[in-house]
Amino acid sequence: HWCEHTVEERVERVLSPRLQLEVSCSQVYQYNTQGWRLDVDRMRIKHGGDDGIALYYIQRGLNASCFMYKLPEMEQQMVNKTVRACCEGWGGPRCTEGVGVRGQCYSTWSCEKFPGVQNSSLMPMEQCCSSRWGLSWRNASDQTCLSCTYTLSSPLVRGGLLGSVRVPQNSATCISWGGAHYQTFDRKHFHFQGSCTYLLASSTDGTWAVYIRTVCDGRGNCSKALRMMLGLDLVSIHQKSLLLNNLTVQNGEPLFQNGVSVHWLGDFVFVESGLGVRVKFDLTNTVYLTVTAEHLAATRGLCGVYNNNADDDFTTMSGTVSQFAASFGNSWKVADQQNEGCSDAAELGHSCDVTGDPSLRSRAESACHRLLENPFTHCRLRVDPAVYIDTCLYLYCSLPPKEKDLAVCDTMASYVRECAQQHVIITWRTATLCGRVCPRDQVFSDCVSLCPPSCLSPQHPGPAASMGQCREECVGGCECPPGLYLHQGLCLKRDNCPCFHRRRTYQPGDRIQQRCNTCVCRAGQWQCTGEKCAAQCSLMGALQVTTFDKKKYSLQGGDCPFIAVEDFVDRKLVVSVRCGKCAAGGGRLGCLREVSVTALRTTVTITDTGTVTVNGLSKPLPVVTGDLVVRRVSSSFLLIQTFGAQLLWYLDGPLALITLQPGFADKVRGLCGTLNWNQHDDFTTPEGDVENSVSLFTSKFTTEHCTLPYGAPPDPCATYTQRRQYAETVCVVIHSPVFQMCHDVVEREPYFRLCLSEVCGCVPQRTSHCTVLTAYARHCAQEGVVVNWRNNTFCPVQCSGGQVYQECGRACGISCSDHLSCDAGGGETGLRMCVPGCQCQPGLVQDHQGQCVPITMCPCVQGDKTYKAGAVIQNNCNTCVCERGRFNCTEEPCEKVNQCPGSLVYSPRSCLLTCSSLDPPGVPLPSCREPLSGCVCPQGTVLLYTCFTGNYGHNITKRFRVPGLFNLILSLGPMRNILESQVGLWNWVAS
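Everything in the sequence shown is counted per full-length UniProt numbering, starting at 1 for the first residue and increasing by one.
Derived by calculation from the structure, the hints in this document are not laboratory data.
Since the model is a prediction, treat every value here as computed from it, not as a measurement.
Take these hints with a grain of salt, some might be off.
[As the list claims (entries may be wrong)] DSSO-like mimics (lysine-lysine), calculated; alpha carbons at most 30 Å apart, straight line: (1) Lys404 / Lys551; (2) Lys551 / Lys619; (3) Lys581 / Lys551; (4) Lys550 / Lys333; (5) Lys667 / Lys700; (6) Lys552 / Lys581; (7) Lys240 / Lys70; (8) Lys619 / Lys865; (9) Lys550 / Lys572; (10) Lys493 / Lys572; (11) Lys550 / Lys532; (12) Lys552 / Lys70; (13) Lys240 / Lys402; (14) Lys70 / Lys46; (15) Lys552 / Lys700; (16) Lys551 / Lys532; (17) Lys532 / Lys188; (18) Lys667 / Lys572; (19) Lys581 / Lys532; (20) Lys188 / Lys240; (21) Lys552 / Lys619; (22) Lys333 / Lys619; (23) Lys667 / Lys552; (24) Lys550 / Lys404; (25) Lys402 / Lys188; (26) Lys532 / Lys404; (27) Lys581 / Lys700; (28) Lys667 / Lys532; (29) Lys700 / Lys572; (30) Lys700 / Lys532; (31) Lys667 / Lys551.
From just these sequences and the hints, can you work out the full model?
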C-alpha cells in the first residue's frame, strides 16, 4: 500500500560566510547582542591554552582584547518534494500493516476541553498535530495524553508512539533539586550533601562560572543560594533576593543590563547571558543550568564535562576521574567566607540503608513508589522513573521530617517536567497530593506557558507548530484556564481586556486619535478607521532625503537645483530645491540653500537667509495671494501653505519639511517619491521607469544642466576621521536619557547616523548637529512626546519681545492676524502640527511690532487703515467696535438701498455735487440745504450738467457721456484739467 505524497522540505542557503573580529573584551556583551560569539579556540591558540587565557586577562584587565566570530548567516526555504510512503491507514516497513491507533484531538496543550468546544472525533496523532488547531492528543486505548510537537520532524512523530531515537541536542541542562541531588549535562545522576560553596559549572576559559551553596535559617529551613560570574557581570540570588551588579531586581520585574537578562515565569526566575548560559531557579532548591552547544567539551564543575559522555562526568578539579560522588563534589569546593569551618562531605552510601530503620525505608517507599502508579505510568516508556524513585527515597530518608513531603513533591514535579519535555502531559496534583493553591481564578500547572495569553500579549490562533513552542520548556506555576487572559493578577474574558498605548491603559470603549484615524478599544485590541493620512517628506543637510513613503537615501547634490515634488497629473504644485555650498563651512557642497513653491500662477522662493520673493519680487511677511500663504510661525520656521500642501522651512539650518494631503496620492513624483504608501516605486522617473541607482534617479529631476557625482556619497566620518570623536560627543545625546521617552515612539538610530554624517562633514564646533536634533525632537513631538533638550550651552535659542522657546508650538494663531484666520477655521483644525521656536505664551499674540500682547489689544485692519483696539466706526446704520483684532458690529436693520447706476456710489446723509456747486471753500452751497442719503459721485468728482466760464476763465465746449446716464455738451474753461483728471468717470466721445 504505497502512495506518493508531496511534502515540504527545508533547504538552507548561505547568505554570508563566517565572520571574525578582534574587539575589546569589555565590548563582548555588546557584540553578543548582535549575534557575535567568543572564539575560544583562537584565544587558546594565541595564549597557549586556558591557563594562558586566564593569565592574559589578569595582566591586561580592561585592555584585554577578545576574538569574536559570527556564524554563517543562513536562509531557510521550503521546497516541495515528492516522496513514496505508506498510504493513509497503513504502516510497517512494507506498508502492509494496518494502523489503528486513534485518539481524540484537543486545541489545548494538556488534553483539556476548551470551553464551548467539543473534541469528539477520533483521528491519528499525526493528523491531529498537522492541523492548525491541534495542540494535544489523547490515546483512545490507554488514555495517554501527548502534546503535539512544535516541529513535525521531531522524534515523537518520526518514531511513532512506542519509541523514538534520541537526536543530538543544541543545548544541555544540568539539574539540582531536593537539596542533595544532581543531574549532569550528560544526564548522570548522583547524590551529594555538601554544605559548602561549590562550583556548579564554569567554562574552561573562565569567561563564566556559577557557584552554589546551601543556606539554612535558625529554624532548620534550608535553601540554595547562587552566585553567577557572567563575564564582567555578577548575579547573586539568596533567600529570594536577586542582585545584578549590586542592583536589587524586584520580584517579578524583568531587567536587561549589559548582556544579562532577568525575567520571571511561574515559580522560577530566569537569568540568561549572551555567553550562551542560562539559569532558571525556583528560589528554593531547584536549579536548571543550560548551556548551548558551543560549550561542548568546555565545562567543568559539579555539572560535569558536557561532551555527551557520562563516563567522565566525575572529573575532579585536578583532572582525574573519581569513582565516588563525595570526593568528586568536595574537589569543587571553592574558597569563600561562608566556607569557614565547613567540612568535606562524606561518602555514606544510600541514606535509607545507613539509618538502620526499616520503618523509615517503608514510609519512603510508600511515598516514592507512587511514581510507579497512575497517572505517572503514561510516561514510563518515555522517561525511566527509576532514578527519580531512587532520588525520592534518598531525600526522604536524609531530610528532617518537615522537609520530607516537600522533597517528594519536588522529585515528582521534576519527573513530570521531564515527561512534558518528551511531550507526555500528566495531571497528577490533587488536594491531598502536593496540592497547590493559586490566587483568584488561576490554576496550577507543572508546565506553564512560556508565552501565557494575557491582555497585553494575547495569543492569536495559529498552527500547532507556533503554539507548541510556548510549552517547549516546563516550569511550574499558576496560569489562567483556557479561554481567559491574565491582567494584573486577574483572569479576564477577552471582551473585558483593556488596551494599551504608550504605557497608558485604556478601558473597553475608550477612544484615541492616531494621526487622522480614530481608534476604539474592543476586546483588548485597537480597532481603527482606515483613512489615509497626510504624509511628510524631509530634506536635510547635504543632502539626506526621507520620502513620503519613508524611504531614506543620501544625495550628492553639488550646486544644482532639483524638483522635490511635482504634481504631474493636475499641474497644481511644484516644489523645487537648490543645493549649494554649505553654510556650516568646510567647503562642502550639496547643502539645502533654497526652496521654491509654485502653486497655480504664483511662485514663492525662500532662501536660507530668510529672504522671500513672490514671482521674482521681494515681499515682506505675511504674503497672502489667491494661490498660497507664506508666514512666519515661529522664530525658527516659515510656513508656506497652499491647497492640500504645506512646507516648513527652517531658518537656522538646512531643513525642509513638505507635507501633502492624501489627495496627491499617485499624482506626484520627484526627490520625495510617489506618495502611495509603497517604497518600492519611490524612484519613479518622469519617463515612468523605476531606477535602482540614487544618482541616476536624482539626475532625472535636475532643472538645470548639472554634473552629479556617480555612486553613493562617501561617509564624511571616514573621510574626516579626526572629526568623528567630536561628532559622537554631540550626537550621543540622541541615545541619552534626555530623549528616553522618545525612544519608544521614534526610531533613533537613523537620526544618530545622520547626525554623525552632518557633523563630520562640517567644520568642528558649528551647529550642524542642532538641525538634526531639531528634526528628531519635532518628530517626537508629532508623535505626542515633547522633549525639552536645549539649554543655555547646547543649541541655545534666544527669544525676544517677551516670547519663550517651545518644542511644540502652535502652527497658527501666534500673531494678531493669525489669530483671526484661526478663529475663522483656517488654522488649528487644518494645521494640527508642532512647530519649534520662540512664540508668545498662551493667551498672548504678537502685534505688528513683534511684541507679545494680550489678544484684547490686537488692532483692526480695514482696507489700508489700521484702527486701535476700542476704535468705533460706522457701517451704514450699524456701529462697529474694534475688539480682539476684528470689528464687532451691531445688527440693526438698515434702510434698503437700491443699486446705484453707472459710477455713482451710495452715501448716507451727503450732498450731490455738480459744476455749479464748485464754489470756493467756505461758500454756502445752494444745492445742499439739507443732506440726504442716496447716490452721489465718488469722493473728488462731480456730476456735470453744464460747466460755464463764470469766475473760472474761458469756455471750452466738449461733448461728454456719463456712462449709463446721458450725453452732455459741456463748456470747459479752467476746469478742464480738473475734469480730465477724473479718469474712468467721463468718456470723450467727440470734439
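Proposed proximity, Lys240 with Lys188 (alpha carbon, max 30 Å): Given pair Lys188, Lys240 holds - Cα atoms ~29 Å apart, limit 30 Å.
Lys404 paired with Lys551 [C-alpha distance capped at 30 Å]: Between Lys404 and Lys551 the Cα gap is close to 66 Å, so the pair fails against 30 Å, i.e. violated.
30 Å Cα cutoff - pair Lys551, Lys619: 35 Å, violated
Lys667 paired with Lys700 [C-alpha distance capped at 30 Å]: 17 Å, holds
Satisfaction of hint between Lys188 and Lys532, Cα-Cα up to 30 Å: 63 Å, violated
Restraint status (C-alpha distance of Lys532 to Lys404 at most 30 Å): Violated, at roughly 67 Å.
Agreement of Lys667 and Lys552 with the hint, judged by alpha carbon distance not exceeding 30 Å: 20 Å, holds
Given pair status - Lys532, Lys550, alpha carbons within 30 Å: The given pair, whose Cα atoms are some 15 Å apart, holds under the 30 Å limit.
Hint consistency between Lys581 and Lys551 [alpha-carbon to alpha-carbon, up to 30 Å]: Status holds; Cα separation ~25 Å.
Proposed proximity, Lys532 with Lys667 (alpha carbon, max 30 Å): Given that 30 Å is the threshold and the Cα spacing comes to 15 Å, the pair holds.
Pairwise hint evaluation, Lys532 against Lys551, where the allowed Cα distance is 30 Å at most: This hinted pair holds, its Cα atoms lying about 18 Å apart.
Lys619 paired with Lys865 [C-alpha distance capped at 30 Å]: With a Cα-Cα distance of about 20 Å, the restraint between Lys619 and Lys865 holds, given a limit of 30 Å.
Violated hints, listed in ascending order, are 1, 2, 4, 7, 10, 17, 19, 21, 22, 24 and 26; each of the other numbered hints is respected by the structure.
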